[in-house]
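Can you make the complete structure from the sequences, with help from the hints?
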Amino acid sequence: MIEPPSEPLPPPVVISENFGLPPLGPKVFAKSCTRPSGNTDSNEGQEKASNFGTLAMLAPATVTSPGANGLRPLGLISGSAMRLAKGWAMAARIGASVMSTAASTVLLALWPSKLGDSTLYTEEELLEMAEAAIRVRFHLHVDATGNLRVAGYHVNDSTGYKDRVPVAHAELKGENFEVVVDDDFTLVWYPDDSGHRPVIRTEYPADSGIDPYSILVTPIQEDGQEHSPPGYQRPFEDQVELIVSFPTDSGIEPLYLVFQKSAGVEGEGDSSNSETTFSRIVPGGGLQTHENANGHLLQKHVGQSEQALMKRLAAETRISGSSSFYNRATAENAVSQVLEANQTKITDWLEGSGSRLPLDHTLTDPAGLSVTRGSANAVAVNSARVILVRDSSMPTGYKILTGYPTKP
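Be aware that the sequence shown starts at 595, since it is given in our numbering, and climbs by one per residue.
Think of the hints as simulated: they come from the structure by calculation, not from any bench. These numbers come from a predicted model, not from an experiment. Not one of these hints is a red herring.
Distance condition first, Cα-Cα at most 20 Å in a straight line; then the derived DMTMM-like pairs of lysine to aspartate or glutamate:
(1) 708 / 843
(2) 1001 / 954
(3) 680 / 847
(4) 680 / 772
(5) 621 / 719
(6) 993 / 945
(7) 708 / 718
(8) 621 / 717
(9) 680 / 843
(10) 621 / 638
(11) 993 / 954
(12) 939 / 954
(13) 939 / 985
(14) 993 / 942
(15) 621 / 725
What follows is a set of in silico ranges between Cβ atoms, one per label pair, in the way DEER data are often shown:
(16) 813 / 758: 13 to 23 Å
(17) 888 / 937: 17 to 27 Å
(18) 810 / 947: 40 to 50 Å
(19) 841 / 893: 48 to 58 Å
Ideal Cβ positions, reconstructed from N, Cα and C, are used throughout, including at glycine.
Printed below as a string of structure tokens:
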């Protein structure tokens, strides 16, 4: 597990007094430390997420690691490592679906504050539960600029977004504890006293851009009207939320985890492939981050009409064809597939000396339009080429110079 540079402690909060009193209501997994002793009601005003416990943003490495037996170690990219279990490391076993681009899968972890007023479930109680009440829920989404956003919401049994979260019980598999999220994503805790420390520049995605201690938790009702997370009008069902419990003798604390089923950005422009409205983003913080490093994929190869492609082909006589991804979301997804399929080549290239690396891959679905010189019409194509260039300023070790749809 990576140990990032130390960060300043969050500002102090006012903690309720008399935490030795017995609970006044049902227990919960996490509540604000500002609630009175024994009280598990949700708050009504805005407050910092850190009032509920210790927070961390985690992400799987973009390459597998010998230190994790072929799994992708989960690196701490922001927040606190204080509650990560000593002697254990976290990793993910990732399949080939939309979640298979490890760098696009950012997880928010919460370990509840230890309040001492007997209002929180014990580890033994969690082991017997299928779901648990909680007084805060978080929603993750990636906005149209490719930036990750996190919103926190006060919840109770009467709010539109309910206060119940599934409890997943980690199972012992050999020396590891595992939680199978679905066919393509398994969380793994494995013994690690080796001191293995992956190199963050080449193995982990960019910083999430989120300081967990700046996340605010707000009410989810205004004047009695339920509202959706700002900038994202889809319900919580688009993400995975779970509380993970462990055997009491494991030494691993239970925690709340949330991440998107399909991390991505809002689609832009018209598309004949409307099902890709939301898709993952590429390693390094999304295509916009690579564009900011003097790439030109978005500028030249996203959202171009057939007429625009024809016009470019006529104006630039040196090129034999012109192509464009349907929209940015499709481009993020297509480029992610290319990078994932060529991960071994990328790793070998980063360890070598070449300055540029072209990559090709046949995609699962049509990704854009292509016009070749001499043709009368554009055609839909389902392959893509991506050109990487070394860039030591990027967390990936490279930038995406350009990329475009191609014929197989």
